Amino acid sequence: MGGGEVKQKYKTALCIIAGLAVGAAFSKVEFPGYKHVMAMVRKGAEAKPVYIGEGGGRQVLALTVKNLTDSKEIEIRMDGASIESWYPPVVAMPFSRVPSFEGGRFSDAAGKRLPVYVTFNDDGGDRKIEIVDSTDGSIIQTMDILRGKGDERQHH
Amino acid sequence: MKGSTIKRPAPGRRYIYILGGMALFLSPFAVIPQLAGEVNMCGAVCPRMFFTLSPKGIVGGFISGVQAEWFGVALVGLILLTTFFMGRLWCSHLCPVGGTTEVVSSSIPRWLKINFSFMHAPAFRYAYLIVFVAGTLMGLGSIACKLCNFRVIPFLAGSPFVPGYRTYLLSSVGLAGLLTVSVTGFFAKGGRAYCNLLCPVGALDSVVNYISAKLGFTRKVRTDIDKCNGCGTCVSACMVWALELGEDEKIKRDQASCMSCKECVKVCPQEAIKYGKD
Numbered sequence: 002m003g004g005g006e007v008k009q010k011y012k013t014a015l016c017i018i019a020g021l022a023v024g025a026a027f028s029k030v031e032f033p034g035y036k037h038v039m040a041m042v043r044k045g046a047e048a049k050p051v052y053i054g055e056g057g058g059r060q061v062l063a064l065t066v067k068n069l070t071d072s073k074e075i076e077i078r079m080d081g082a083s084i085e086s087w088y089p090p091v092v093a094m095p096f097s098r099v100p101s102f103e104g105g106r107f108s109d110a111a112g113k114r115l116p117v118y119v120t121f122n123d124d125g126g127d128r129k130i131e132i133v134d135s136t137d138g139s140i141i142q143t144m145d146i147l148r149g150k151g152d153e154r155q156h157h
Numbered sequence: 694m695k696g697s698t699i700k701r702p703a704p705g706r707r708y709i710y711i712l713g714g715m716a717l718f719l720s721p722f723a724v725i726p727q728l729a730g731e732v733n734m735c736g737a738v739c740p741r742m743f744f745t746l747s748p749k750g751i752v753g754g755f756i757s758g759v760q761a762e763w764f765g766v767a768l769v770g771l772i773l774l775t776t777f778f779m780g781r782l783w784c785s786h787l788c789p790v791g792g793t794t795e796v797v798s799s800s801i802p803r804w805l806k807i808n809f810s811f812m813h814a815p816a817f818r819y820a821y822l823i824v825f826v827a828g829t830l831m832g833l834g835s836i837a838c839k840l841c842n843f844r845v846i847p848f849l850a851g852s853p854f855v856p857g858y859r860t861y862l863l864s865s866v867g868l869a870g871l872l873t874v875s876v877t878g879f880f881a882k883g884g885r886a887y888c889n890l891l892c893p894v895g896a897l898d899s900v901v902n903y904i905s906a907k908l909g910f911t912r913k914v915r916t917d918i919d920k921c922n923g924c925g926t927c928v929s930a931c932m933v934w935a936l937e938l939g940e941d942e943k944i945k946r947d948q949a950s951c952m953s954c955k956e957c958v959k960v961c962p963q964e965a966i967k968y969g970k971d
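Going line by line, the protein sequences match chains P and A.
Numbered by the working numbering, the letters in the first sequence go through residues 2 to 157 in order.
Numbered by the working numbering, the letters in the second sequence go through residues 694 to 971 in order.
Bound conformation, chain A alone (with noise of 0.2 Å):
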């Protein structure tokens, strides 16, 4: 621990940079889309419609403009350069869409919530990445617009204002993905369940955290073995079921899945958790 960069985080800080989010990449302002030429995060800002593409799409995609665009692949570049150097600040602090979920989950009573911690979420999550790219890729089929958190959250933001947002929520492929969203968001505990499993940006981002970490480049959550005590508070805080008491009563944590939150770091009585470099 000696010599580490260590933050304290300010509680609420947090939300103050997902609300933050939510006002640029969410109607009514939609301030980034808007600079893209779009009005939500379809489209030019889609961060996943790269993945749809088959191989003979590519190049015909982004020279129509169709499909790809240089701002959704853009905006996936900086998030996981962002990543490898600082930890997962996208998916915890600034995603309007994970963030939503969360927000929303944090208002709803615990005994309605569902608790996905008996999944193990890395094997899920690239088993269904796997699918997510090379289903396109064979001409299997493609995920990506369906269950799309990026399409469902955007368009309940603008759903008061815009009637065609309401058709597409209504709609069976709308009330899939709006089922989708509630089970794995917002009535999933900690919100976070659809980030962990099904987003294919988070299971990128996820696996950079990981490089990153393994090379010693990011910030990340440390715990000091000697001072943890095995209350498990810090495993009950995590929103991604990233932590677990092991057989020794010691904390154990997943750095793939773990989101950057510091929630942990917030919650520890011991103070035996810290967020930095090595």
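Here chain P stands alone, though its shape is the one from the complex (with noise of 0.2 Å):
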């Protein structure tokens, strides 16, 4: 075996070990200040909570919302909190079937996933996320916001 072969397995070795550990490292680190949360919204349903860092600071909740009311007009809302999503497209296609947005609310929303971000200031206090049905006003869920890890699937 030649000296440009042996250099060739070395590097092979380095590289395989370097992509696990890349791998490993990524899959296990948390971004501070970001959640990725997802949930669905049933009327009636306990949502479970959403658990952020201890540190406090400006924090950005990633809320994947699947709405499985019959509700067409969905607000999220939360004190305090700036809250927005990536809908409407800007520029819309005719065949579009994506909900409008705006101040919050989601038009068309039944049966949809609704992407949020909720972007606040965590001084420490009780906050929680509300999840309202706009026709009527009236608060399909609520989602409390704790501090510590709680159940590490509810993120990505």
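These aren't lab readings, by the way, just hints derived from the structure by calculation.
Remember, predicted model here, so these are calculated numbers, not experimental data.
Mixed in with the good hints, there may be bad ones.
[Stated by the list, open to error] Between beta-carbon pairs, the in silico distance windows are:
#: 1; chain 1: P; residue 1: G56; chain 2: A; residue 2: L830; range: 29 to 35 Å
#: 2; chain 1: A; residue 1: V724; chain 2: P; residue 2: K29; range: 35 to 41 Å
#: 3; chain 1: P; residue 1: E103; chain 2: A; residue 2: S799; range: 37 to 43 Å
#: 4; chain 1: A; residue 1: G705; chain 2: P; residue 2: F96; range: 28 to 34 Å
#: 5; chain 1: A; residue 1: G939; chain 2: P; residue 2: L147; range: 58 to 64 Å
#: 6; chain 1: A; residue 1: V796; chain 2: P; residue 2: S139; range: 45 to 51 Å
#: 7; chain 1: A; residue 1: F854; chain 2: P; residue 2: A111; range: 24 to 30 Å
#: 8; chain 1: P; residue 1: R148; chain 2: A; residue 2: A767; range: 20 to 26 Å
#: 9; chain 1: A; residue 1: G939; chain 2: P; residue 2: R98; range: 52 to 58 Å
#: 10; chain 1: P; residue 1: K10; chain 2: A; residue 2: L908; range: 23 to 29 Å
#: 11; chain 1: P; residue 1: G81; chain 2: A; residue 2: S799; range: 42 to 48 Å
#: 12; chain 1: P; residue 1: G3; chain 2: A; residue 2: F854; range: 52 to 58 Å
Note that CB positions come from ideal geometry on N, CA and C, so glycine has one too.
Build the complex from these two chains, which are given one at a time in their own frames, with help from the hints.
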């Protein structure tokens, strides 16, 4: 076996280790001030709490909310938080089926998945997200914001 | 070489396809995502989401539509099928994400670029892919949305119009993704290090490309060793460092990494490189 081949084998082995290490590191790492949570909206169902870090400061919650109710108008709200979505499309195509979004309120949202960014400054106080049926103002579900690790499966 | 189907690409045509891919998939138009009821490449269009499912979540995820959906899975299936018969045309000619990093990288001064060719790409790529898939299945944690270029690039494209995209990009995970895409994309030599090392779709695609080439189905780059004078022009033109000069001063090709871009065909002064079927 020549020197070039030996060098190549070392390079291969090192890159395998590096690939495994980088993958393992990023699968475990949690980015401060950011949490991705998926939730189902069902009338009367108890929502799982959302766990955020203890650090405080600016927090961004990426909520993917699947609306399993018949409500066509859904509002996401939380005191002192900015609610944003990437809906509606910048240039809507004639065939677009995306709900519209304005002022924290989604229209044509029945059965749809609703992506929301909830941004707030965490001062350590109790907080909750309210999911509201805008047609009659009733609260469909609330999600408590808690500190700590919680259920690891709820984010990625 | 006799009887082979040889095609010489017209210069710059690939970038026109890439621009078409950007218009189809990215803001402001996002035509394909809107066909699937989305506005970007997350959600139903996500070509990676099905990697993130736990065995328990697969059925429930599909039923509820919260996780994987048919569109992203079908997109990956179509990409792999195309690759099997025609080479990696999605990655090299249409992918709006890798295409964007490549186009941006081409406008960045050479002295600012990082050359990743010191890495053994297949070794790193498949090791990373194993963790990407198995990590989730075994409950060790998921990489999927972290560092995702299919999120960062569409969000960058939409950020002038949509405040929510800026919120994400300025969050800690958004900045980490932006940094990763910048280092391995915009500021990488060839602009395709992310595609070659970290993209799970690219990794699967490269496996299909390799198998198909072995079975004689796909078109591939072939070198006429008699004509090759070992000048190395093709080696420096290859954006995924799939070509190298062997100890005999002749070109060696890593078929798994080859992205079917045909840039080596264009630059070879000896016309020793062809692209076609056996």
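Hints, one by one, checked against the model:
1. G56(P) / L830(A): 29 to 35 Å: Roughly 30 Å apart at Cβ, these two residues keep to the hinted range, so it holds.
2. V724(A) / K29(P): 35 to 41 Å: holds, 37 Å
3. E103(P) / S799(A): 37 to 43 Å: Hint holds: Cβ distance 39 Å, inside 37 to 43 Å.
4. G705(A) / F96(P): 28 to 34 Å: holds, 32 Å
5. G939(A) / L147(P): 58 to 64 Å: holds, 60 Å
6. V796(A) / S139(P): 45 to 51 Å: holds, 50 Å
7. F854(A) / A111(P): 24 to 30 Å: Since F854(A) and A111(P) have Cβ atoms about 26 Å apart, the given range 24 to 30 Å holds.
8. R148(P) / A767(A): 20 to 26 Å: Between R148(P) and A767(A), where Cβ atoms are some 41 Å apart, the hint is violated.
9. G939(A) / R98(P): 52 to 58 Å: holds, 54 Å
10. K10(P) / L908(A): 23 to 29 Å: holds, 28 Å
11. G81(P) / S799(A): 42 to 48 Å: Since G81(P) and S799(A) have Cβ atoms about 45 Å apart, the given range 42 to 48 Å holds.
12. G3(P) / F854(A): 52 to 58 Å: holds, 57 Å
When held up to the earlier numbered hints, the structure conflicts with hint 8 and nothing else.
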